[in-house]
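S.K.: Use the sequences and the hints to build the structure in full.
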Amino acid sequence: MAIHNQEMLLNMGPQHPSTHGVIRFVVKSDGEVMSEAIPDVGYLHRSIEKIGEICDYNGFMPYTDRADYLSAMNANQGYAMVVEKLLKLEIPRRAEYLRVIAAEFNRIISHILALGALAMDVGAATPFVHALKEREKVNDLMEALCGQRLTYNYVRIGGVSYDMPPGFTERSLAFLDNFEPLMDEFDRLVGENKIFIERCANVGTISRQDAIAYNLVGPNLRASGVDFDLRRDMPYSVYPELKFQVQVGRGERGSVGDSYDRFIVRVREIMQSMKILRQCFAQIPEGEVLGDIPKTMKVPKGEAYVRTESSRGDMGYYLISDGTDHAFRLRIRTGSFTSMSIIPKISQGMMIADLITLIASLDVVAPEIDR
Amino acid sequence: MTFQEILKTLQDKLGADVVQPTTDLAGDPFATLPAEKLPEVLNFVKDDPRLQMDCLSNLTGVDAPPDHLDVVYHLFSYPLRHSFVLKVRIPKANPKVPTAEKIYPTANWQEREAYDLLGVVFDGHPDLRRIMLPEDWLGHPLRKDYKEEQEYRGITTTRPSLLYPEQ
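Chains Y and E are the protein sequences, given in the same order. If you read the first sequence in the working numbering, its first letter stands for residue 1290, the second for the next number, and so on. If you read the second sequence in the working numbering, its first letter stands for residue 223, the second for the next number, and so on.
Rather than coming from a laboratory, the hints here were simulated on the basis of the structure. Watch out, some of these pointers could steer you wrong.
[Claimed, not checked] Derived SDA-like pairs: lysine to any residue, alpha-carbon spacing no greater than 20 Å straight-line:
{"hint": "1", "chain 1": "Y", "residue 1": "K1339", "chain 2": "E", "residue 2": "E370"}
{"hint": "2", "chain 1": "Y", "residue 1": "K1590", "chain 2": "E", "residue 2": "A248"}
{"hint": "3", "chain 1": "Y", "residue 1": "K1377", "chain 2": "E", "residue 2": "P251"}
{"hint": "4", "chain 1": "E", "residue 1": "K309", "chain 2": "Y", "residue 2": "G1591"}
{"hint": "5", "chain 1": "E", "residue 1": "K366", "chain 2": "Y", "residue 2": "F1349"}
{"hint": "6", "chain 1": "Y", "residue 1": "K1377", "chain 2": "E", "residue 2": "D246"}
{"hint": "7", "chain 1": "Y", "residue 1": "K1587", "chain 2": "E", "residue 2": "K309"}
{"hint": "8", "chain 1": "Y", "residue 1": "K1339", "chain 2": "E", "residue 2": "E371"}
{"hint": "9", "chain 1": "Y", "residue 1": "K1339", "chain 2": "E", "residue 2": "T380"}
{"hint": "10", "chain 1": "Y", "residue 1": "K1532", "chain 2": "Y", "residue 2": "F1570"}
{"hint": "11", "chain 1": "Y", "residue 1": "K1339", "chain 2": "E", "residue 2": "P251"}
{"hint": "12", "chain 1": "E", "residue 1": "K235", "chain 2": "E", "residue 2": "A257"}
{"hint": "13", "chain 1": "E", "residue 1": "K366", "chain 2": "Y", "residue 2": "G1591"}
{"hint": "14", "chain 1": "Y", "residue 1": "K1634", "chain 2": "E", "residue 2": "H347"}
{"hint": "15", "chain 1": "Y", "residue 1": "K1590", "chain 2": "E", "residue 2": "T254"}
{"hint": "16", "chain 1": "Y", "residue 1": "K1634", "chain 2": "E", "residue 2": "L350"}
{"hint": "17", "chain 1": "E", "residue 1": "K369", "chain 2": "Y", "residue 2": "S1336"}
[As the list claims (entries may be wrong)] Cβ-to-Cβ under 8 Å is the rule here; a few derived chain Y residues that face chain E:
{"hint": "18", "residue": "A1502"}
{"hint": "19", "residue": "Y1503"}
{"hint": "20", "residue": "A1593"}
All of these numbers come straight from a predicted model, not from anything done at the bench. Glycine is no exception: its CB is placed at the ideal position from the N, C-alpha and C atoms.
M.R.: And the structure:
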């Protein structure tokens, strides 16, 4: 019998258990070693940008939740900021603090879900359950704040929809007191586990040059050794008043920019977010939470591009207004989209099993790729 | 560097009539240039030590009715922390722009998206296919004159309203 030794085409997804949503890969492989993994995206395209041209400005806010449902607060905030930039609207300081509180809580639960999913994808199911358990507690807090557990629709153009309910500060601080040692334990349990390290270290290494050339953002960019965080370097909202350290990958267990670095950067960013939250609760001023804004707003003619640090990094809203009550063009630039575009390059020469680690460590969220 | 300083650097290099600024609108100012100058300009802003714009943060297309399309480049410099907006205006009859893929690899997918949703053709792109929509989709939905098809492969794209059946 003749032995076939040509390249094999393997179809992974769109409903593979570990592709984090509906993503398809066409894998070209020689045995276990891939020569290329070609992502096929678009299964979750809901034409949110087109909807943005049809809805009025306030009406579009719930759709930003759906653009990135794991980090809806950050998506809300970016959209509100781009409209406020064109309107030249000052928002109340209490609202700015509430936005940051909500966004940082959202960053914590988005990151911890990513970490749990990464651990599950390399074979440890338990950390994912622990991650979900902690996420539920934050979801309870979010529900108390805005009435929703996933798609918050909390931020309004000109402020936020509700003030904190009574007792919210105490509940949040109690959660943080409880969560801090748990996160430390999570880090030691997963991050110092020999099997986990061997599955992640030196896997899917992305160099600093590639990370910038392919426009990786957020934790993925920082893991590759680029010391850049929009919250510190192009500050918006009340971030200049808050102290935190930007976490950068140092190649502790392998090389700089490998999957382990992306894991450990997220762990440390959770710690920093907790620090930011404690400062916010200590500093938040009294006052209004929603400024005086007209019901139907006419945004002046012009365009603006606003970048905010979402959980998956730099989320950019590019808004063009023609002076009417709805956008002429609204573009949402997301981190997951550019993260996916680097996979054909990085996957060359990798093992098929390591592709799972790479996808999970890049923390791609399918609705955010496709929008 | 501010917008004006970057603009002046570009105008010194290419001539003041090639790079046209628009600064009188609300929000961010931007500069418009002809499509054929684009690779030269992108190479210049990326390599020039005064600009060092190593990151193409966003690339997208915008319909400019009635018969033009804009392609927008949001550039950013990690070392110097400044940004700049470039626009290229092309006719819908011949929507061709040179690709930026060789200069900024991230443009590969973003150009595919602009091609898919707006029908901008990027000359020299290695893999210009639809990315969001199915390959047999008709038209480019983000154009203002796009008409939605009544059905796609026998599946209707509209549903009767349950609340108001007569509509």
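S.K.: What's the verdict on K1587 (chain Y) and K309 (chain E), does the C-alpha distance respect the 20 Å limit or exceed it?
M.R.: The given pair, whose Cα atoms are some 25 Å apart, is violated under the 20 Å limit.
S.K.: Assess, step by step, whether the Cα of K1377 (chain Y) is no farther than 20 Å from the Cα of P251 (chain E), and give holds or violated.
M.R.: Answer holds: K1377 (chain Y) to P251 (chain E) is near 15 Å, not above 20 Å.
S.K.: Do the alpha carbons of K1339 (chain Y) and E370 (chain E) lie within 20 Å of each other, as the hint requires?
M.R.: holds, 12 Å
S.K.: Can the restraint linking K1339 (chain Y) and P251 (chain E) be considered satisfied, given a maximum Cα separation of 20 Å?
M.R.: violated, 24 Å
S.K.: For the hint on A1502 (chain Y), just tell me whether its beta-carbon gets within less than 8 Å of chain E.
M.R.: Since chain E brings a Cβ to about 5 Å from A1502 (chain Y), closer than 8 Å, the hint holds.
S.K.: Does the alpha-carbon distance linking K1634 (chain Y) and H347 (chain E) stay inside the 20 Å limit?
M.R.: holds, 16 Å
S.K.: Tell me if Y1503 (chain Y) is really an interface residue toward chain E, meaning its C-beta lies closer than 8 Å to one of theirs.
M.R.: With a minimum Cβ separation of about 5 Å from chain E (threshold 8 Å), the hint on Y1503 (chain Y) holds.
S.K.: Check whether the Cα positions of K1590 (chain Y) and T254 (chain E) lie no farther apart than 20 Å.
M.R.: holds, 17 Å
S.K.: Holds or violated: A1593 (chain Y) as interface residue toward chain E, Cβ cutoff 8 Å?
M.R.: Check passed: Cβ of A1593 (chain Y) comes within 4 Å of chain E, closer than 8 Å.
S.K.: Taking only the CA atoms, is the gap from K1377 (chain Y) to D246 (chain E) under or equal to 20 Å?
M.R.: holds, 15 Å
S.K.: Under the criterion that the straight-line Cα-Cα distance not exceed 20 Å, is the pair K366 (chain E), G1591 (chain Y) satisfied?
M.R.: Distance ~18 Å between K366 (chain E) and G1591 (chain Y) Cα, so the pair holds.
S.K.: Has the given pair, K1532 (chain Y) with F1570 (chain Y), been kept, meaning a C-alpha gap of at most 20 Å?
M.R.: holds, 13 Å
Hint compliance for this structure: hints 7 and 11 are not met, and every other hint is.
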